[in-house]
Amino acid sequence: MIRLEPRKEVSKHLLYLTPVMAVAVTIALGLVMFAALGKDPFRAIAIIFYEPLTDLFTISEMIVKATPLILIGIGLSFGFRAGVWNIGAEGQFTFGALSGGAVALALYQVEGFWVLPLMCLAGILGGMAWAAIPAFLRTRFNANEILVTLMLTYVAVLLLSVLVHGPLKDPEGLNFPESRLFHEAATMPILIAETRAHVGFIVALVAVAVAWVVLSRHIFGYQVKVMGQSPKAAAYGGFVEKRVVWISLMISGGLAGLAGTFEAAGPVGQLVPALPVGYGFTAIIVAFLGRLNPIGILLAGFVMALTYIGGEGAQISMNLPSAVTGVFQGMFLFTLLGIDVLARYRVRMARRLPAEKGS
Amino acid sequence: MSEVPLLQLDGITKRFPGVVANDDVSFSIMPGEVHALLGENGAGKSTLVKMIYGVLHPDEGSMHFGGAPYAPAKPSEARAHGVGMVFQHFSLFEALSVADNVALGMNKDAVGANLDQQIIEVSEAYGLVLDPTRYIGSLSVGERQRVEIIRCLLQNPRLLIMDEPTSVLTPQEVDILFETLRQLSAEGCSILYISHKLEEIRTLCDKATVLRGGKVVGSCDPRQETAKSLAEMMIGTTLTMAERKQATLGDERLVVRGLSAPSADPFGVDIDDVSFSVRAGEILGIAGVAGNGQVELMETLSGEHPTSPETVMIDGAAVGHMGPTGRRRLGMCAVPEERLGHGAVPDMSLWENVILSARTRKGIEQGGFLDLAKAQAYATDVVAQFNVKTAGIEHAAKSLSGGNLQKFIVGREIMQAPTVLIILQPTWGVDAAAAADIHRALQRLADEGSAILVISQDLDELMAISNNFAVIAEGRLSDVSPTGSLSIEEIGLLMGGVHGSAEAPARAEASA
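These protein sequence lines are chains A and B, in that order. Position one of the first sequence corresponds to residue 1 (my numbering), numbered consecutively onward. Position one of the second sequence corresponds to residue 1 (my numbering), numbered consecutively onward.
Hints were generated in silico from the structure; no laboratory data involved. In this text the structure is predicted, and so the values were computed from the model without any measurement. Just so you know, not all the hints are guaranteed correct.
Stated by the list, open to error - Pairs of lysine-lysine, BS3-like flavour, derived with a Cα cap of 30 Å:
(1) A:K232 with B:K389
(2) A:K232 with B:K374
(3) A:K242 with B:K374
(4) B:K362 with B:K215
(5) A:K242 with B:K398
(6) B:K74 with A:K12
(7) B:K215 with B:K389
(8) B:K389 with A:K12
(9) B:K215 with A:K232
(10) A:K225 with B:K362
(11) B:K215 with A:K225
(12) A:K242 with B:K207
(13) B:K50 with A:K12
(14) B:K50 with B:K74
(15) B:K374 with B:K362
(16) B:K207 with A:K12
(17) B:K374 with B:K50
(18) A:K225 with B:K398
(19) A:K225 with B:K374
(20) B:K74 with B:K207
(21) B:K50 with B:K207
(22) B:K362 with A:K232
Construct all of the structure, not just a fragment, from the sequences and the given hints.
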C-alpha cells in the first residue's frame, strides 16, 4: 500500500523548484508521446520549446499571448490564495472585451487620446460586474463560486455571439458575425514595430509589480494568505471573509476584463465570436505553475505562451495535430500537481516511487 | 491479589522520527489493581497505552497478559483478550442511538441479540444511568463518556484503560465515575488510569507509575505521597507556583451587560444573557465543563461574532458591534483555545503570525502597509521574553511544540500591554513549568492594572490565580463571587446544576 505522510515543514526552495521540475518532466513525457506518434521526438520538442525563442517575430507573438495570461493569472492568484476559486476568468475576459469593445463601437471614428483609456475602464468594470454575480451569490447565499463562475463563462461567450450577430454587427460587413474594425484611437499602440506586441504588456508588468508589493507588504496580501490557510485564524485576526471574497473576485474580474479589452483592441482589432480562445482557463495553469507568486506568474505566462507558439510551429512544420498545445498545457498542470504532492508529502511504501509516477 | 500480574510490560521502547516516545518502559498491573500512569503532556503515556490497546506496536520489548505473551496487532485483538479502553476524545456518532454506537465499537461476535437489554442491565449494575434508545447528540459530555464505558463493560474486560477521563466531568460526575471504577476493581477488573491530576490519583489509585520524557522515573503508592511530591516526581524539579495575592481592584474596565449570542455552530451552545464586569487589576475566572459555551463566549467577547454595541464595553466605550481589530485598538486582546488554526496560522512563520493580532497595537500596519522589520523585531522579543524554544522566528508555527506555541501566543498578546485580556484555557496541554510561567505573566499583567478574564476547565488553575470566580453552564453565567468563598461541592453543583434543573424537560423532549 502507498501512503502519503505530510512533511513537517516544506522547504521553500523545494516549492520554487517544483515548477521547474514540472516543466522538465512535461518535456520528458512529450518526448515519449512524440515517439509513440512516430515523429522525431527531439525535433518536435526543439520546435515547440526552442525555436520560438530564436526569432524576434515569434518572441513578439509570445508577448502577445503572455500578456492576457499574466494579467489574468495575477488577478486569479489573489483569490486562489484566499480559497476563492474563480475558474470563470474566461467569462470575465469575454464580458470585459464586450464592454470595452462596445465603448469603442459607440465612439466609432471619435478621435481623442481618452478613447482607449475609457475602453479599458469599461473593460475593467465589465469584468468586475461579471465577477460580482458569483461574489454576491457566494456572500449572500453561500453559492459555490466554482460552479457559478464556470457556468457564467458560457453565458458570456453566448452573449458575445448574440451581440455580434445582432446589434454590434458591422453594418458594412456583408452580414458576417463581426463588429466593425476598431478605429485608430480605439486600438492598442504597438510596442515593437512590425509586430502585434502592444503596450498591454507594459500594463501586465505593472500588474506584476503591484501584486508583488501587495502580497509581500500590504495587509490585503497578508489577509488572503491567512484566509486561505486557516479561516478561523483569519476571523481571530479580524479579517472579514465576505470582504476578502468580494475584493479578490473584483481583482480577478477586473484584470480579466482588462485583458479582454486589450485582446479586442489589440491583436484582434474587433469583436468576433471567436475572441475567447481559452486564456481565462490557461491562466489557471499559469497561476499555479507560477506558485501564485507574481514573478512566478510572469515566467509561467511565458512558458505557456511558448506552448501556444511552439504548438503552432509544430503543426506547420511537422504536421502535428493542433491538440498538441492543449496536451502540453494539460500535462504541465498534471505534473505540477503530482510533483507538488511529492514535495508536500513523503511517500511511504516498500519501494521508492519515481517522480514521473506523480503525473 | 494473585501472584501472576494481569499485564506485564518489559523494556517497551517506541521510537518516532526524531523522538523516543517510550524508552525501556517496564511495569506490571495486578488483577483488580487500580494503576495510575502519571506524567505530563508529552511524557509518553498515550503512546504506551496505545501499544497496550494494539493501536501502535512497540519497536522493542515484550508484553505478557495473564502470564501469556501478548502482542495485539489491532484493537479488536486487544478487545478479544479483554482489554477495553475509553479514549479522551470520544468516537461516537451524534446521529445514532446509544445502542447503535455501542454495537459499532464492539467486536462482531460480542454483540448479542438483545443489546438494549444488556445495556440497561450493565448500566444499572454500575450505577451509570443510560437509555439505549437515546441519540448521542442529545447527551451531555458526561453521559457520552458513560456510553464509552458501557461499551467496554459489555465485553467483560479484565483490564480497562481510561485516558484522562475526568477532564470533561463535573466534580459530582467524577464521584460517580470513581464509584464505578472502585466497584469494577472489587470485582477483579484491573484499571489503568491515565491522568496528570494528582489529587484524583491519590483518592483512586493503588499504585502509580510515573513517566517523564518516555522513561519510568518512579513508582509509588500514591496514597503515601503528597500532591507536591508526586508533582515533583512528574516534573523532575521543584516548582514555584503562582500565588494569588490580595489585589487592590480599580475601575471596571470590561463590562458585559445582557450579552446573548446564538452559536454559529449547529451543535454549539448559545450565549444566554451573560452579564459581568472585570476591574483593573482583577483576574476573573470562569469555570465550566467543556462545551458549555466557553468558546462561544470568548469569540463573542473578542469580536469574532459582533453583537449590539452596548453589550460589551471597554473602559466605558461601547464595542459590541466592533470586530477584533477595533477592540484591539481599544486595548482588548484575546487568546483562543485552539492554538493551531485559530490563534496561529500553522504554515506561517512566527513573525508572520505576529502580524495576525499585533499589527494594530504594535504599529506593524500603517496605512495598510506592513512594516516587516517591526514584526520580526516584535516576534524576536516575544520569543526572548517568554522563553519560547524555537530554532528561529523564520520557522512555521506548527513546528513548535504545543507548550511553546502557547507561550508564544500568550506572550504575543500580553506584550501588547492589553487593558483587557481574555484568555481561554491558558495552560491546556502545557507542561507544569510553562504553566507556572504563564500564570505568573498573567498576574504581572493584572498587577499593572489590566483586567483579565480567564476561562478554563481546570478548577485548580482558577483557584490558584483568580480573584473572583463564576461558572458557565449551558451558555448561562452564574453570579460572580470571590474565589475561595465557594466550596468545590458548590462549584460542582453550579457546573452541573443548571443541567439538572433547567435541562431535564428539554432532555425528555429530545429523547422522545
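Violating hint indices (sorted, rising) | Structure breaks hints 4, 6, 9, 11, 12, 13, 16, 17.
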